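Top line first, the protein sequences correspond to chains A and B.
The first sequence maps to residues 1224 to 1541 in our numbering.
The second sequence maps to residues 1224 to 1541 in our numbering.
Hints were generated in silico from the structure; no laboratory data involved.
Some clues are possibly wrong.
Same chains, same names: a pair is fine if it fits in one copy or spans any two.
[Stated by the list, open to error] Listed next, the in silico EDC-like pairs over lysine to aspartate or glutamate satisfying Cα-Cα at most 16 Å (straight line):
#	residue 1	residue 2
1	K1252	D1526
2	K1514	D1379
3	K1480	D1379
4	K1512	D1379
5	K1313	E1225
6	K1512	E1305
7	K1416	E1305
8	K1416	E1437
9	K1420	E1225
10	K1480	E1392
11	K1313	E1516
12	K1282	E1264
13	K1282	D1505
14	K1420	E1248
15	K1391	E1261
16	K1514	E1504
17	K1500	E1273
This one's a predicted model, so the numbers in the text were calculated from it and none came from an experiment.
There are 2 protein chains.
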Amino acid sequence: MEKVAIGIDIGGTNTTFGFVNRQGEVLAKGSIPSQDREFFEDFLSDLYVEIQHVIQTYKGEFEIIGVGIGAPNGNFYHGTIEYAPNLRWKGIIHVADLFQQKFGLPAVLTNDANAAAIGEMVYGSAKNIRDFIMITLGTGVGSGIVVNGELVYGHDGFAGELGHVIIKENGRLCGCGRNGCLEAYCSAPGMKKTALKLIAQNTFQSTLCSIPPEELNSKHVADAAMAGDKLALEVFDYTGRILGLALANAVAFSSPKAIFLFGGPTAAGDILFVPLKKYFEDNLLPIFKQKVEILLSGLPAGDAAIVGASALVWKELF
Amino acid sequence: MEKVAIGIDIGGTNTTFGFVNRQGEVLAKGSIPSQDREFFEDFLSDLYVEIQHVIQTYKGEFEIIGVGIGAPNGNFYHGTIEYAPNLRWKGIIHVADLFQQKFGLPAVLTNDANAAAIGEMVYGSAKNIRDFIMITLGTGVGSGIVVNGELVYGHDGFAGELGHVIIKENGRLCGCGRNGCLEAYCSAPGMKKTALKLIAQNTFQSTLCSIPPEELNSKHVADAAMAGDKLALEVFDYTGRILGLALANAVAFSSPKAIFLFGGPTAAGDILFVPLKKYFEDNLLPIFKQKVEILLSGLPAGDAAIVGASALVWKELF
């Protein structure tokens, strides 16, 4: 019987799960809403029922060896979600223990960006790389840092918050309440802010000027940039400049062999990667120049979150 | 017979060595100039002769188990000194191999700040701490990063260059040729630059105004600050602000339990530590606040370099 891990991604809106084999193939999957239940225990019961349902409708056979969970503010050491601003359940929730009791299987949890980094190591493009950094670009900027083949969790389990490195003293307000974080510039909402700022500063015409600010998103900016819109291209140049500087600083820290990028804004391809790589090299300390690759993640875009979460089982439990 | 390690610190001016026991006590020591010999092999012969000389004059008995070497631009993986700007020998020198051949003992090398971090772990205040960062303040700003009880060397052996994290885009020129590095602000020469800048900007009297700029150094600034000089105190406030921001960013990376400071400028005590801790806490991401201690190194100030180098033998060879 084929061995599989259940990978679960608890997101702000939906929780998705999948049965993933050692090769990273998703054999079956499903999802439930994250916000319907006031108490985590009720949510967990719903999820359990749905997972049993998918198991029964799936025609193949497999042996489930464990549960891997990726979640915002997930703490690997304690198996907890702690004070997650985007989830309904407040305070500290002992998620891994509750899963273990409910499913009768070993369960392991970490934050979503760490899960992606482990996914890259187990199934993706980092299989033979012992030192790398995973950067996830989306609503926020997340990171997972791998040193000598092991994820860096830090003394409290919360290491790897590169999205909240302050890149400009007294810079843009960030969702965390501080100013100047990388996330305030290079997340999808950060790129929208850059676009609005450039619209305000410039006099030349841009197709982005026809979209009301409340509707404008980073996808519009990417589409406009791909159509050659000068202002949209400037947004990517600026994003590449800030991200390039932040990643060059990260290299001074852990000297990775590669940095992998994952998430929506990477779909712009060279429009993002060309300026990013230029500013990155410009800002590297001489001993690191031309040594560190910036690469697209090798995880499957649609299923990356559950695949990453399932990788936790192979990497951290077996 | 007591087991000892030889700790060797290769500095720009002098090379010092000592015989250090497992408790970190220096049983005997000596030094030779670093710049007298054009070829590294001749320098090594001189050093060998001097070490034999000290062994013979030392009355006690010990068994030497290995040689640990701290050096600028030292690479742990290759045992090499690579392109060290402050040393006479250019290019890549296979120092550990040459020591091993000459002394007939296992030899291990890393850069000076990494050696200090290992010294802190083996003999100092980090004996029971698995995640910490060592910061050395002096002519430059060095760092050694320890994650899960192991030094972070990175894929090429050059990780831990926090002195060259860019803290201000287009900021002060640094010795590395780039702009805005932490080292350009928080090294001893950086603090001197801050003093000169504040003298230029302010109108109030300072005792530092009586010292010609070419003579002014960070010790003058510390003495003036301790005597209550307002401008000198501002220099420490500014240094604490920049260093506090940089260390808060480092916490977002590896979430250490403590950060140890070592070197000349730390002698100012609270004049440095009070503003540093304030700005550090101000800049921490909420989940890290009040969790990370900033502490003085527990290594002996005078012998720290050789003690740190000797610690490499206990930690990395045995």
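Original post:
For K1420 vs E1248, is the C-alpha pair at or below 16 Å within one copy, between two copies, both, or neither?
Top reply: neither (43 Å within a copy, 60 Å between copies)
**OP:** Could you place K1480 and E1392 in one of the four classes (within, between, both, neither) given a Cα distance threshold of 16 Å?
**Re:** neither (29 Å within a copy, 24 Å between copies)
**OP:** Classify it for me, K1282 with D1505: is the Cα-Cα distance of at most 16 Å met within a copy, between copies, both or neither?
**Re:** neither (54 Å within a copy, 56 Å between copies)
Original post:
Quick one: K1512 to D1379, C-alpha cut-off 16 Å, is that within a copy, between copies, both, or neither?
Top reply: between (33 Å within a copy, 12 Å between copies)
Subject >> Up to 16 Å CA-CA - E1305 versus K1416, copy category >> reply: Classified as neither: same-chain Cα gap 29 Å, cross-chain 44 Å, threshold 16 Å.
Original post:
Is the C-alpha distance from K1313 to E1516 at most 16 Å within one copy, between copies, in both cases, or in neither?
Top reply: neither (39 Å within a copy, 28 Å between copies)
Subject >> Copy assignment of K1512 with E1305, given that the CA separation must stay at most 16 Å >> reply: between (38 Å within a copy, 15 Å between copies)
**OP:** Give the relationship of K1500 and E1273 under a CA distance limit of 16 Å: within one copy only, between copies only, both, or neither.
**Re:** neither (44 Å within a copy, 50 Å between copies)
**OP:** Indicate which option fits the pair K1252, D1526 if close means a Cα-Cα distance not exceeding 16 Å: within, between, both or neither.
**Re:** Answer is within; shortest intra-copy Cα gap is 9 Å, inter-copy 61 Å.
Original post:
Is it within, between, both or neither when you check K1391 against E1261 at 16 Å Cα-Cα?
Top reply: neither (39 Å within a copy, 45 Å between copies)
**OP:** Could you place K1420 and E1225 in one of the four classes (within, between, both, neither) given a Cα distance threshold of 16 Å?
**Re:** neither (53 Å within a copy, 69 Å between copies)
**OP:** Have a look at K1514 and D1379 and pick one of within, between, both or neither, based on CA distance no larger than 16 Å.
**Re:** between (31 Å within a copy, 9 Å between copies)
The structure is inconsistent with the numbered hints 5, 7, 9, 10, 11, 12, 13, 14, 15 and 17, although it conforms to all the rest.
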